[in-house]
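Listed below, chain by chain, are the residues.
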Amino acid sequence: MTHLSLRPRSFDWTWLAVLPAVLLLSVFLLLPVGLGLLATFTSYDPFGTVWQLVGLANYQAVLANADGRAAFSNAALLTALAVPVELAGGLALALALRRPFRGRSLVRIGLLAPWLVSPLAAGVMWHFLDDSQVGILGWAAAWLGRQSSSPLADLRWALPAVAAVEIWRMLPLAAFLFVPGVQAVPQDELDYAAVLGCPPWTVLRVVVLPHLRVLLLTVLLLLIGTTLTALDSILILTGGGPGSRTITPALYSYTLAINGHNWPQGTAMAWLLLGLVLLVGMVYTGAVRRQWSSTDPRGAGDGR
Amino acid sequence: MADKPGPAGTSWEPRAPRWPRAAGRVAVLTGGLVVSLLPLVWTLLAALGLQPAGRDWRGTLTFDNFVGVVVFEPAFGVEFAYTLVVTGTATLLTLLVAFPAAYRLARVRAAWIDWLTPGLLVLAVSPSIASGLPLSSLVRATGLYGTFPALVLACAAAQLPLALWLLRSYLLRVPVELEEAARLDGAAWLTALLRVVLPVLRDGLVATGVLVFVLDWNLYLLPTLLADRAPHLLTVVMRDFFAFERELEWPTAAAALLVSLLPAGLLVFGAQRALEGLVVVPEEGAG
Chain A
20 MTHLSLRPRS
30 FDWTWLAVLP
40 AVLLLSVFLL
50 LPVGLGLLAT
60 FTSYDPFGTV
70 WQLVGLANYQ
80 AVLANADGRA
90 AFSNAALLTA
100 LAVPVELAGG
110 LALALALRRP
120 FRGRSLVRIG
130 LLAPWLVSPL
140 AAGVMWHFLD
150 DSQVGILGWA
160 AAWLGRQSSS
170 PLADLRWALP
180 AVAAVEIWRM
190 LPLAAFLFVP
200 GVQAVPQDEL
210 DYAAVLGCPP
220 WTVLRVVVLP
230 HLRVLLLTVL
240 LLLIGTTLTA
250 LDSILILTGG
260 GPGSRTITPA
270 LYSYTLAING
280 HNWPQGTAMA
290 WLLLGLVLLV
300 GMVYTGAVRR
310 QWSSTDPRGA
320 GDGR
Chain B
71 MADKPGPAGT
81 SWEPRAPRWP
91 RAAGRVAVLT
101 GGLVVSLLPL
111 VWTLLAALGL
121 QPAGRDWRGT
131 LTFDNFVGVV
141 VFEPAFGVEF
151 AYTLVVTGTA
161 TLLTLLVAFP
171 AAYRLARVRA
181 AWIDWLTPGL
191 LVLAVSPSIA
201 SGLPLSSLVR
211 ATGLYGTFPA
221 LVLACAAAQL
231 PLALWLLRSY
241 LLRVPVELEE
251 AARLDGAAWL
261 TALLRVVLPV
271 LRDGLVATGV
281 LVFVLDWNLY
291 LLPTLLADRA
301 PHLLTVVMRD
311 FFAFERELEW
321 PTAAAALLVS
331 LLPAGLLVFG
341 AQRALEGLVV
351 VPEEGAG
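In order, the protein sequence lines correspond to chains A and B. Per the numbering used here, the first sequence starts with residue 20, numbered consecutively. Per the numbering used here, the second sequence starts with residue 71, numbered consecutively.
Accuracy of the hints is not assured; some may be wrong.
Negatives, chain A to chain B, calculated, CB over 10 Å [claimed, not checked]:
| no. | residue |
| --- | --- |
| 1 | Leu43 |
| 2 | Thr61 |
| 3 | Ser62 |
| 4 | Tyr78 |
| 5 | Arg88 |
| 6 | Ala89 |
| 7 | Phe91 |
| 8 | Leu106 |
| 9 | Arg121 |
| 10 | Leu131 |
| 11 | Pro170 |
| 12 | Asp173 |
| 13 | Arg175 |
| 14 | Ala276 |
| 15 | Tyr303 |
| 16 | Thr304 |
Partial pick of chain A residues on the chain B-facing surface, computed with a CB cut under 10 Å [to be verified]:
| no. | residue |
| --- | --- |
| 17 | Leu139 |
| 18 | Val233 |
| 19 | Leu247 |
Bear in mind the hints are in silico, worked out from the structure with no lab data behind them. For every residue, glycine included, the Cβ atom is placed at its ideal position computed from N, Cα and C.
Sequences and hints are given; from them, build the entire structure.
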């Protein structure tokens, strides 16, 4: 259905509506990011006076550094640990919330609670909750008659402990986002599958998941992006330690630029991370584009 | 035995889906709620003065720790108020800028919008340090470091991609016929936007506003990079509580944590109805 236009076709001044957004994004997002990229090829430092072109030296230095490489492998590990649990757990919770019951909306809002806590505050909270004296773990261990120490200081358990905090924050949010999608699965398809006697796993795979494809991909992007760029909570939980077991790219960039006064390398690290996220984003965009197409009639993008 | 399907017109009740079984559902929900809320309850108990000691609990219920927060950080009240003002202004600015833009973009029928829309979400999850570091040096160079406008504009810009994406998603569900009817009645574009579309979108605006507020309230990196001087924002204050040598006792930290959770919590609770309708993805097409 074409859009009726009562205006002369010469200039569509309604595009001015987009101008403030474009300005704000350009000045405060795109311009700094672009300038940052240029700066990574120099030795520019906001507190220095002289700077020169250095080519790829900053990137080389960052990747040659053991901490820099550890940051990326930690990010990958963290994502591999946390995201599947968040996705599966979120879906399970959403499915459990599908049928209405008394107090369901309260439960659904209650699931937002962990996400409401800022990542930084979550770091403070879990630093103490993991503590052997005052924390949940310590209390549970005392009940089991065992000794315990904070996993955050343990070489083996620090990263899983950090992953656990991420899961705590994001799994309920994923569930919250899945609920409308899960509710939109047509009941008659589920009934039909039940009549056929399909086992639950098959019903999930054949009936439910296809309806959730774009939602799944979108939530997946959100989860992967949040985990890859984690900084605030890890800053408080472990500061990147012990050693470099929990350092992440964003944290490393932050440490380089702020504490290490190595601005060029910090910015280079930030851009490497941005590149990684953009890569993931490109895969996402390719996968969902047609589904949301505004021109393809099968898309949901109003291309009727 | 299940009833066999009868010919059209005869009664046939579909057997209720056997999955997930009620007990399993209750277990999953209880588990989810416990895992989500237990840490917060633990924090609340600590803030109220109860701490575990071995297997037992000790301490008495008291509000001393909340007082202790202000004793530890005398400027806490000012910082709380300042954070409220900064976050509120940034949220309003984001909504004000995003709504007309999302409206215009929602009516676009071109191939490039199919790249822009997911691209907005990708921007929304991008690391803010990539823009934050250069922005910080720009802000220093122009003498705007620590100023209210710079902070508010930067925070507003940071949430703009998400706001645009969410609002466009809501606007796609508003039938075009609604505005076209208004247009046929002679309404100008702006009038149609304000008088016809805005009321329909009220829930969407509230939901987007609440989410943007929470994200802005919880920002740490941007305030640290752009305005790490008095008055600090609450997240920066919490880091200061913790990072430097003035390391905090758990009860006081717990109290500060819960107080800083209040605005976000109250907003979400108050906007329940609007948030329930939060649909992150438009309904799938026939495909």
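Hints, one by one, checked against the model:
1. Leu43: 5 Å, violated
2. Thr61: Non-interface label on A/Thr61 holds, nearest chain B Cβ at 12 Å vs cutoff 10 Å.
3. Ser62: Check passes; 14 Å lies beyond 10 Å.
4. Tyr78: 14 Å, holds
5. Arg88: 18 Å, holds
6. Ala89: Given that every Cβ of chain B is farther than 10 Å from that of A/Ala89, nearest at about 17 Å, it holds.
7. Phe91: 13 Å, holds
8. Leu106: Holds: least Cβ distance 14 Å, greater than 10 Å.
9. Arg121: Fine: 12 Å to the nearest Cβ keeps A/Arg121 off the interface.
10. Leu131: 6 Å, violated
11. Pro170: A/Pro170 is indeed farther than 10 Å from all Cβ atoms of chain B, at 15 Å.
12. Asp173: 20 Å, holds
13. Arg175: 23 Å, holds
14. Ala276: 6 Å, violated
15. Tyr303: About 6 Å separates A/Tyr303 from the closest Cβ of chain B, which leaves it inside 10 Å; violated.
16. Thr304: 4 Å, violated
17. Leu139: With Cβ-Cβ at 5 Å, under 10 Å, it holds.
18. Val233: 5 Å, holds
19. Leu247: Where the cut-off is 10 Å and the nearest Cβ of chain B is about 8 Å from A/Leu247, the hint holds.
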